[in-house]
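Please model the complete structure; the sequences and the hints are all you need to start from.
Residues in the sequence shown are numbered from 1 upward in steps of one, following my numbering.
No lab work stands behind these hints: they were computed from the structure.
It is possible that part of the hints are untrue.
Stated by the list, open to error - Between beta-carbon pairs, the in silico distance windows are: (1) Gly86 with Pro275: 19 to 25 Å; (2) Arg171 with Ala20: 31 to 37 Å; (3) Gly169 with Glu145: 30 to 36 Å; (4) Pro78 with Asn28: 31 to 37 Å; (5) His152 with Gly37: 31 to 37 Å; (6) Gly37 with Gln230: 36 to 42 Å; (7) Pro212 with Thr21: 37 to 43 Å; (8) Pro269 with Asp149: 44 to 50 Å; (9) Gly169 with Ala20: 33 to 39 Å; (10) Arg35 with Gln230: 22 to 28 Å; (11) Val233 with Lys185: 31 to 37 Å; (12) Pro138 with Pro182: 17 to 23 Å; (13) Pro212 with Met8: 48 to 54 Å; (14) Ser173 with Arg247: 43 to 49 Å.
All C-beta atoms, glycine included, are put in the ideal place defined by N, C-alpha and C.
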Amino acid sequence: LYTSYQDMLENANLDIVTVATSAHRHANMVIDAARAGAKGIFCEKPLATTLVEADAMVAACAANDTILSIDHTRRFNPLWRHTKEGVVDRGMIGQVRYIIATLSGPRAMLFRNGTHLIDAICYFADSAPEWVMAELEPGFEDYTEYRGDGGHVPATEPGAYGHIHFANGVRGSYAGGSKTTPGPKSSAEVIGTTGRILLSRAQSILYRGEEPEPIEAPEWPVEGIPEGVQELVRLIDEGGEPVSPGRAGRTVVEIIIGFLESQHRGNAPIPIPVPREYLDE
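Now the structure itself:
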């Protein structure tokens, strides 16, 4: 055991590092692990709480040939993965037109849990976001930067309602709250030109008419975080790209920061990338 992660990195000659601290403490650990020669890093979500940190983390991993994978767990869930790769990508609902993701319950927090569903919207949209606009829940009108405690106290983070405009014409809607709604519950609806899909943690249902068609998940030996870590081991041995790469995690951070900027500027549309002069004001 070590009392200093810097000592561990210096002395342990690690192949893989997991960063599972509070989100606002990820940056230095990821950067230092990459510079220390880690071949792979499995980082908790969200990647970071500022764009400066997110950029530095992705750059450090690229410069040191370190694979960076983010624990947006739905990408490591066989039901959600099969729905994306085996149903949506095969054109079974036609072209995706819009995606609605909802998060309810007292822990409907933008950074803590909202990051999962914003990433899910991006995953199914399969395109770069061009602009966002948002409204934070009442009481957070002046919330312009992360002030959380790692997600322990819901009052430290806002719920949010946001719109995401993607380059390929897909539109994403994120309804994250309010915290007075029953929960915990998260779900997504993916609507295409010829069908739609209703997704929750437990089931995925395809509609190509009036009748529901349950989507069966393939059997995996492991799923969730264990699958994310095993994928990283395989990538180090065999090469390839993670299903939840650092750059995708960075996109989610950019959208979240765009939501905060939109609230700050009277719910105005915010271009993506977020203009850096906005962040300096």
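query: Which hint numbers does the structure go against, in order from smallest to largest?
result: 1, 6, 8 and 14
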